[in-house]
Structure formats: structure tokens, C-alpha cells
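For the sequence shown, position 176 matches number 176 in the working numbering, and the numbering has no gaps at all.
Any given hint might turn out to be false.
Unchecked claim - Taking lysine to any residue pairs in the SDA-like style, the calculated list, with each CA pair at most 25 angstroms apart, reads: (1) K232 with T166; (2) K243 with H231; (3) K239 with V212; (4) K59 with A131; (5) K243 with G213; (6) K123 with G69; (7) K278 with R259; (8) K278 with Q164; (9) K278 with P3; (10) K167 with A131; (11) K239 with K278.
Hints in this document: simulated from the structure, not taken from any laboratory.
From a predicted model like this one, the values you see are computed outputs, not experimental measurements.
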Amino acid sequence: MKPSRSMLYIPGDSPGMIQHSPIFGADSILLDLEDAVALTEKDAARRMVATFLRRFDFKDLFVTVRINGADTEFFEKDLEEIIPCAPAAVRLPKCNGPQDVLEADDRITEIELKNGMRTGAVKIHAMIETALGLEMAYAIASVSPRVTALTIGGQDFTADMGVQKTKEGRELFYARCRVSAAAHAAGVDSYDTVWADLQDNEGLFRETKEIVGLGFTGKACIHPSQVAVIHKAFVPGEKELRKACRVVEAAEKAKREGRGVVSVDGKMVDAPVVARSKHLLDLAELYGIKVG
1 MKPSRSMLYI PGDSPGMIQH SPIFGADSIL LDLEDAVALT EKDAARRMVA
51 TFLRRFDFKD LFVTVRINGA DTEFFEKDLE EIIPCAPAAV RLPKCNGPQD
101 VLEADDRITE IELKNGMRTG AVKIHAMIET ALGLEMAYAI ASVSPRVTAL
151 TIGGQDFTAD MGVQKTKEGR ELFYARCRVS AAAHAAGVDS YDTVWADLQD
201 NEGLFRETKE IVGLGFTGKA CIHPSQVAVI HKAFVPGEKE LRKACRVVEA
251 AEKAKREGRG VVSVDGKMVD APVVARSKHL LDLAELYGIK VG
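Model the full structure from these sequences, guided by the hints.
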């Protein structure tokens, strides 16, 4: 299992950034063929991304490609050229219901079969960017085993709602809770939207801490300088980890001694707290943190 804390957006028509992507430190990257690429450059960006996928060594990066939406003239072209290059996943914009996923799934399967690929190899990350998509979040996340992540598109979602996206993020609170819960219920990852202000890393850290608290497994970012900030926000606090150690040790001791009651620091500890403590220690191990 690998961390999924950060997903760095890289424009599909930026060969320099793509070439340097393995050294940015992100857990995963997203090669963008949609919003980051001008209409006149779509075809050139697609060819460039396909070439990199075939020939470039991305090391151990999880590589996703955001294709253009099914309502555009580029959707079919993107699938036809990108899927045979076997990215780890494609990010599907504006999923309003499970049918959007199923139609893309079927088309991807056709292309995989035509190219002698293992069916199901290329996963789908479904983007929730509308109120309708939000209401269908769990159905979208659970409709196909090809779906391995839900992600919220903050700018498009707030535009669909007719509200302004702010740094405080109150307008996204319900949507974030809904997406995170739907992803968790379906057993898939969840990615939060990007933080646009490159001059405000304190705000990025604060927001990332908040979405970690909501249960998100990762956050998208738009610049390499944001990666370390996001990773820091995902690290559990030292005090919290030491407490988790004591809880797990006490639970294991109680089990060995045949006791059903677990006590830590003079307080009774129930099963959900033990499970939470084990989860924190698993995260620490995943993130390479040594806990004494």
C-alpha cells in the first residue's frame, strides 16, 4: 500500500514539468488534458501525454490523466489515445450519476480489449462537480470496480451552486462531508479540491488539516511547493501517536490476559478508540514515521 496524500496537477502541454515530476515528492500526479490546456492545444497535449506515458519512467508515481468531459468533442479522442498507454487511472470530469461512469467504463473496456490489455487495468477517478453529482456520490463511487477514487472539484461545484468559493470553505463543508463519507462507504479513496493561493501555505495547511479531519485520503495541488505542506498536514501529532501506542499496547495486553476491559491512563477505552488508534499507527507506518 502506498500513500495517497497528494496528487499534483501537471498541465498536459508542459513537457518540462512532466519530465521533472518524479522529483517533486508527490504521492501521485495528474496529467491534465482538461482545464489546464487551451482548446487550440488539446490535440498536441494529448499526443505529448501519450508519448510520455509510453516512453518516460515515472518511477513509482501513481499517474492519472484527467480527460475532457463526455460532453466535449475531445472525450473520445482522449480515450482512444490515452487508454492504450495504460495510465494508472483516468479522472472523469463532471460525473452526475452512475450512468456517466458506466458509459466510460464500457468504452475503456472496448479499447483495452482492442489493444490486448487486461480489462479493468485502467481505473477511474470520478469527479463530483455539480449538485446532482453530489446527490449521486455513493452510487457513482460504487457502480463499478474500476472506480477507485472520488474527488470534489471545488470551483465547478461552487459555480454550479451559484456561490463564491472562499478560503474559509464554508460553502464546501457539506459537499466535502458527503464526498468523503460516500467514498469511505464504497471503499475508495477521496481527494479534496485544490488550494489556489500559492502565496498562502498557512491557509493550505489549515485547510488540509480540516479535510484530514473529515476523512479525506488525499488532496489535489497545483504546484510542487504545496506538496510538502500537504504531507505535513497529514502527519498525526506526536502526542496523538504516543497515546495510540499506549491504547494498542493495553488492548493487546488485555486480550492476552483474557480481559474484555481496556484501561489507559486511568480511563476506560472502548473498541472504536482501539480501532482508531490502530488506524493512526498504520498511517504512521505508511508515511514512514517511527513511533517509539
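To see whether the hints hold, each was checked on the structure:
1. For the proposed pair K232 and T166, the alpha carbon gap of about 23 angstroms is at most 25 angstroms, so the pair holds.
2. Restraint check for K243 and H231: satisfied, since their Cα atoms lie roughly 21 angstroms apart, inside the 25 angstroms limit.
3. Proposed proximity of K239 and V212 is supported: the alpha carbons are some 17 angstroms apart, at most 25 angstroms.
4. Taking the CA atoms of K59 and A131, the gap is about 37 angstroms. The hint is violated against a cut of 25 angstroms.
5. About 18 angstroms separates the Cα atoms of K243 and G213, which keeps this hinted pair within 25 angstroms; it holds.
6. About 16 angstroms separates the Cα atoms of K123 and G69, which keeps this hinted pair within 25 angstroms; it holds.
7. Distance restraint check for K278 and R259: the Cα-Cα separation of roughly 19 angstroms lies within the 25 angstroms cut-off, and the hinted pair is therefore satisfied.
8. Between K278 and Q164 the CA atoms are separated by roughly 39 angstroms; this puts the pair beyond 25 angstroms, and the hint is violated.
9. Distance restraint check for K278 and P3: the Cα-Cα separation of roughly 17 angstroms lies within the 25 angstroms cut-off, and the hinted pair is therefore satisfied.
10. Simply put, K167 and A131 have alpha-carbon atoms about 20 angstroms apart, close enough for the 25 angstroms limit, and the pair holds.
11. Restraint check for K239 and K278: the C-alpha separation of about 15 angstroms stays at or below 25 angstroms, so the hint holds.
Checked against the numbered hints given earlier, the structure breaks hints 4 and 8 and satisfies all the rest.
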